[in-house]
Amino acid sequence: MPRRAARCFTRSSCHLRNEFAQVKALHPGRFFTNGCQRRLSLPDAYLSLACSMNPPQTAKDRLFAQAQHDYQPELVAIDAEAIARLPARADRFSNMIVGLSGKPAGRTPEGAAAYSIALNSLNFMFWTPTADGVARYHWGKEGGAHGLQAALDHVWGDESTPVRLRERLGAGEEPAVVDALGDISLPRRRAQFLREVLSGDALEQAAAGLVAAGQSGRLTSDDAEGLANRFPMAYGQDAYLMRAQLAVMWYAGYLLEQGIHVDCDITVAASYQMPRVMRSIKVLRFAPELAAKIDSHTLLMRNSAEERAIRSATVLGAQAMARHLEVSEHAMVNVLWQNRHACGTVPYHLTVTTDY
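Here the sequence shown stands for residues 1 to 356, numbered as in the numbering used here.
Calculated from the structure, these hints are not laboratory results.
Careful: at least some of the hints might be erroneous.
Here are the computed lysine to aspartate or glutamate pairs in the DMTMM-like style, where the Cα-Cα straight-line distance is at most 25 Å [as the list claims (entries may be wrong)]:
#1 141 - 158
#2 293 - 257
#3 103 - 179
#4 103 - 61
Put together the whole structure using the sequences plus the hints.
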């Protein structure tokens, strides 16, 4: 999305109203006037205009076009006024670091890139539905994504390459995954993903691509799209390329630990925790019925209108926040993630998915 689309808080109302009229003509079905549905706001309309006037050229453009297509403010709305009230404190933002430098995989850029790709092929759904609610995944003393990381470190061993990981899990057998990762959700799907990622030298080739991109000084959503094309099962099924972009973000974090600063132009907000955090700070406003479903831990179907509305609003809202605060989306998502424990009892939505 072009930079001017993020300036909806500072452009004159005259310009905005003229552009709003253009959007209304383009998208008449997106405007609501009765008491049950909210009229699309000027900032929301501005987002729509930006996507309508600029055909997507890059992977990131395509992701934002997807988000605009899925955006349904009557279900989940971005509160532009709440974003405008956020204090611009860029000094409090930083890009993610991942701790790979101190691990065997971090001895070389190639090992770190391979680790980032392998880890994030499995980085989804750390809970299992139960009769009483959900059971969270743990490995040892660590839970959730940190538990997966600890389990993968154990399997990876002391090698700088994925040789041991391939020996143990490359066959893509479900019992081997359960033995290595413990009681984790969707073990068969994880086994299938690992079979694809660890087949032949595909992982090493993909890692070499990330290393080359890092050496160019720029990692982007295009690199994530490359992972999705190379690994269509493990990475290519999500319209928002959430985990593929997270793999790129991980490698950028490793480079940062090495003192190498690269431009990491990605958008990785379409997950569980990001909309939860953004709801807690009032940036996202959920329709009462949808909020009630989330609060009561009702499952939302993958690719349902409700799930797409949550993910799209999170992507567009995170971009708007980053532009307002004058930080990268990489740094924006990192700060939201780091503050996930400050949300108290605000729940995240539950969707059985391998996308995030």
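Now the hints, each set against the structure:
no.	hint	verdict
1	141 - 158	holds (21 Å)
2	293 - 257	violated (41 Å)
3	103 - 179	holds (22 Å)
4	103 - 61	violated (35 Å)
In the structure shown, a violation is registered for the earlier hints numbered 2, 4, in ascending order.
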